[in-house]
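Student: One-letter residues, chain by chain:
Protein chains: 4
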Amino acid sequence: MNKDLSNLREKLQALLLAQRDKSARGNVADYIPALAEVDPNLMGAAIATIDGDFVGVGDYQHAFSIQSISKVFGLVMAMNRVGDALWQRVNMEPSGQPFNSIIQLEWEKGIPRNPVINAGAILISDVLVSHYSASKLAFISFLRTIANDEDIHIDHDVFQSELAHGNRNAALAYLMKSFNNIEAEVPDVLEHYFTQCSVTMNCQQLAQSLLFLANKGVNPLNNTAVCTRKEAHRVNAILSTSGMYDQSGEFAFSVGLPAKSGVGGGIVAIVPNFGVICAWSPPLNSFGNSVVGMNFIAGLAEELGLSIY
Amino acid sequence: MNKDLSNLREKLQALLLAQRDKSARGNVADYIPALAEVDPNLMGAAIATIDGDFVGVGDYQHAFSIQSISKVFGLVMAMNRVGDALWQRVNMEPSGQPFNSIIQLEWEKGIPRNPVINAGAILISDVLVSHYSASKLAFISFLRTIANDEDIHIDHDVFQSELAHGNRNAALAYLMKSFNNIEAEVPDVLEHYFTQCSVTMNCQQLAQSLLFLANKGVNPLNNTAVCTRKEAHRVNAILSTSGMYDQSGEFAFSVGLPAKSGVGGGIVAIVPNFGVICAWSPPLNSFGNSVVGMNFIAGLAEELGLSIY
Amino acid sequence: MNKDLSNLREKLQALLLAQRDKSARGNVADYIPALAEVDPNLMGAAIATIDGDFVGVGDYQHAFSIQSISKVFGLVMAMNRVGDALWQRVNMEPSGQPFNSIIQLEWEKGIPRNPVINAGAILISDVLVSHYSASKLAFISFLRTIANDEDIHIDHDVFQSELAHGNRNAALAYLMKSFNNIEAEVPDVLEHYFTQCSVTMNCQQLAQSLLFLANKGVNPLNNTAVCTRKEAHRVNAILSTSGMYDQSGEFAFSVGLPAKSGVGGGIVAIVPNFGVICAWSPPLNSFGNSVVGMNFIAGLAEELGLSIY
Amino acid sequence: MNKDLSNLREKLQALLLAQRDKSARGNVADYIPALAEVDPNLMGAAIATIDGDFVGVGDYQHAFSIQSISKVFGLVMAMNRVGDALWQRVNMEPSGQPFNSIIQLEWEKGIPRNPVINAGAILISDVLVSHYSASKLAFISFLRTIANDEDIHIDHDVFQSELAHGNRNAALAYLMKSFNNIEAEVPDVLEHYFTQCSVTMNCQQLAQSLLFLANKGVNPLNNTAVCTRKEAHRVNAILSTSGMYDQSGEFAFSVGLPAKSGVGGGIVAIVPNFGVICAWSPPLNSFGNSVVGMNFIAGLAEELGLSIY
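Chains as they are written, first to last, in our numbering: chain A, 1 to 309; chain B, 1 to 309; chain C, 1 to 309; chain D, 1 to 309.
Do not rely on the hints blindly, as some may be mistaken.
For identical chains, the list gives no copy identity; a pair is met inside one copy or between any two copies.
Said to hold, decoys possible - Under the rule of at most 25 Å between Cα atoms (straight-line distance), these lysine to aspartate or glutamate pairs were calculated in the DMTMM-like manner:
#: 1; residue 1: Lys216; residue 2: Glu302
#: 2; residue 1: Lys22; residue 2: Asp59
#: 3; residue 1: Lys109; residue 2: Glu183
#: 4; residue 1: Lys11; residue 2: Asp21
#: 5; residue 1: Lys216; residue 2: Glu183
#: 6; residue 1: Lys109; residue 2: Asp39
#: 7; residue 1: Lys109; residue 2: Asp30
#: 8; residue 1: Lys216; residue 2: Asp53
#: 9; residue 1: Lys22; residue 2: Asp84
#: 10; residue 1: Lys230; residue 2: Glu302
#: 11; residue 1: Lys136; residue 2: Asp149
None of these hints come from the bench; they were simulated from the model.
All chains should be built: construct the whole structure from the sequences, respecting the hints.
Tutor: This is the structure in structure tokens:
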């Protein structure tokens, strides 16, 4: 790595500005009204390092719907709570299928391919609902702790919208239930799942909250272990093979960092032993990944030589 | 990383001996007679570093059938030959399917998911057949050059056996041909493919031949560029998401290194900026990966802290 | 046809007795406790002709759970209610898949392959729920009318059991809902569906209630049109290609009659322009069809030359 | 049935003329040049009865490529040759998939769903190649005998075209071979298969050659048994559930006759105990069935009350 950090702010601003000038940027998620209304021209990015540096550019303090990025947090909570037993109920293989594939879930007899596709994250929600007396509160509380910021909330409009358009996720949940791989009641599981998808955070909060994954499990903001070193490796491994929907291979190929995206337009990328990048811009490509976010992170990784491969 | 190299030989020997004492080691590949006859008790391992160190233990100089490890070499040759145009004809996504899945190839309309599943490697063979006047000679010549060793050969018994049992691969090839994604005649493509699968190499040759992938594309044995730095990253990325058949996710999760295995019982693992590990033992688990090889590499990666994540 | 009806009772008794002596008869459905408790040694059969003849043998007056046979009744009610518009929402092709396949429903974007697989019957339930103010009462009332028998009821234990084990059907329903192919609320649709599956009838009631399908739509018991001649043809066509689960082709091949079976062990077979056969015995083969029922109907069809082909 | 045969010629001519006036008639098959060149405006129809009546209208004596209709003849020959053993190697279930689906063949482990999809007919070709010293001659000879007409030939241009564009069928054959369900050499099997697809016949020849299926196995032209009564029932059953590609259910639903179509634009329909209808017009709908042919046969079946259901 040649992580030359001089002029980091200038680099980030230049990269973001370059994106602002491009015309083709994809389409904002419109499967629920609450997401379709977001201003497509907003964009921000931030980088937080394990040594305590932070740089944010553009709308990096504008909160947005984290959507599938929430799967990373849920996964860490569930790993902490049930340990290796978790992997009896969910696999850790890339899926080679769309994020919401019910076909693969059927083939695999109700065992999701990994915890960051929808079926896997619903299963994780079941773990949290079953192991916490108040799983939604616990989730928010976990986020506020690791981000070291109390100003993290649920967007109730998004939550209601998700619930009203959640029939496909309900199908996934009931299918897993039919294979005895959901313990709690399906409506409770879905309520947790849609709640965690509906959290809003900004680029700064996301970058800082995930520093423990770049730092062997230890949150450098408060020097507290969030998970073990081994668990941090494992989460990064899963994000590397499966974090960017059905574009995960291409992201590894062209960028080379563990990452997770959400249809709210956010992308987080972990740079082991260095820090976390977060980029946000609502318009998505056909895989559900933010076009600007992908380009920004690819450019930064190229410039700083961040590929882990 | 805490790559403490003192007593490296002792560490390797201890790890290999530990494997020798375990009883359950899987079954030798028996889909072709020539492979089924290999002594299941042979086992060897080697590590070569980009700084010129080399340690081999056990039967590390015993040549074995490299089988799917040949896909790495073919991929590098094709990338060198046709550049980015290659990725119009083969994808770079993990497959989430068995290595010889014809279902996925049909879904994807004849575009293989990645170059290290069978369909992808057959497509790569088509590229080589179409772009070299004598692709089989070119392949062997390439191996001898990068391994810096002339003593690398084709096992003609294995080749004949592969050809006689290659109907499924023929089906994959004709299906791609039906989608106009094979240019040469199918029998010629298959002949090349089975030839490269039938090469025999030993642990030392394999570890040394792939050092360029750990060294930004440059072969440290002779300080010659085999591919660009970017191409080396890309190959490692593909091996990380897809190199260990349908156990690739688990290997990333538990070991954390780009790797490729073959049903001859060999596994190579790339440690970027450090070196290459090769382990060999014929008995395979249900995914087609060498049981001893997996355990050996996992143990070494754990002990030396080699995970890239 | 050589429908020699002399000694019909003797023929039926001989055929049923022949079955009683066979040892291997499959297994009673055990996916819900209420079905698993049925005495596997009960067996009965009946034949009703459009000319008013009726013969019953064995336990032909013992009521049993009609299960999927209810799909025939629901289909006729829905055809009567919405006419050809029904076929915008459900296809009429054989499925080539298990009766509860969620994979095919996904491929076909929420349009069930035909109305007698589970997804199709759930869709029909949605039609009935949406078009009747009290669809469950209407269903029972329809049965009592066409069977000319008030003694037809719902088994509430079976209903509760179905509801408690209905997660897979819930998955099918929510998946269709996600494709906007379910209009009512899913729990209401499932309640109707499980209700109609939980009806109990005996061989006599089933044979007589379906006479209209053998008689160009007209119920000969009371000379009332239940559906048009064309609709009767259509229902028989669907039963011929799809009525016996994934053994429909074999049933057409070896018996040659439109038929529908249920996991309660009942089978009804329509003999156009002649009558209806009903056979019942709880133990099922691996396809979900009553072993004794299949053998009995095959034997009778052979003896009387009933094949429509 | 109300088979009023008075004015049969007038009925046929009226029905064909009605089709001639319709504008939207689909597209001529263009996957091989030899078929794409056929005049789309040709159309003919014929009806032959088991009592010896025959009526032909339009271009009923114009020979065309029988394509998949050849599967009926091959099936009968193979049934005659190997008896019930045939059904160990090919199933008899409708497929619910396109005629050339390789996915289903993989699922079913090399056992084709039925003998009238491509994989099934290739398997039948293997039976013929393996059981006749000169299977292609035997095939033509069989056709000439049952049609009672020596003027039946192979179109060698079509044959060469099929062979040159047959990669998908080669994939199906090699996949079956990999499951040990092809005995002969694949190129020999394909040569037979493409030969039988390349036969040309006219409406009269087709209608007359298949009369045995409407007549309990006996060819009324020469009063010779072509197959047993049971075998005739079985073939008709297979044609009823699977003869019209992925429109078989709809054809049963709306017409109600065992039938087989080919992409040359021909359709034959069997009317048990009555006769055979053949209609021909090259333009096809999206399922591969002749638009005019479907409409013509549907109209005639409606008018004469021919549905078997």
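Student: Failing hints, ascending?
Tutor: The structure breaks hints 5, 6; every other hint is satisfied.
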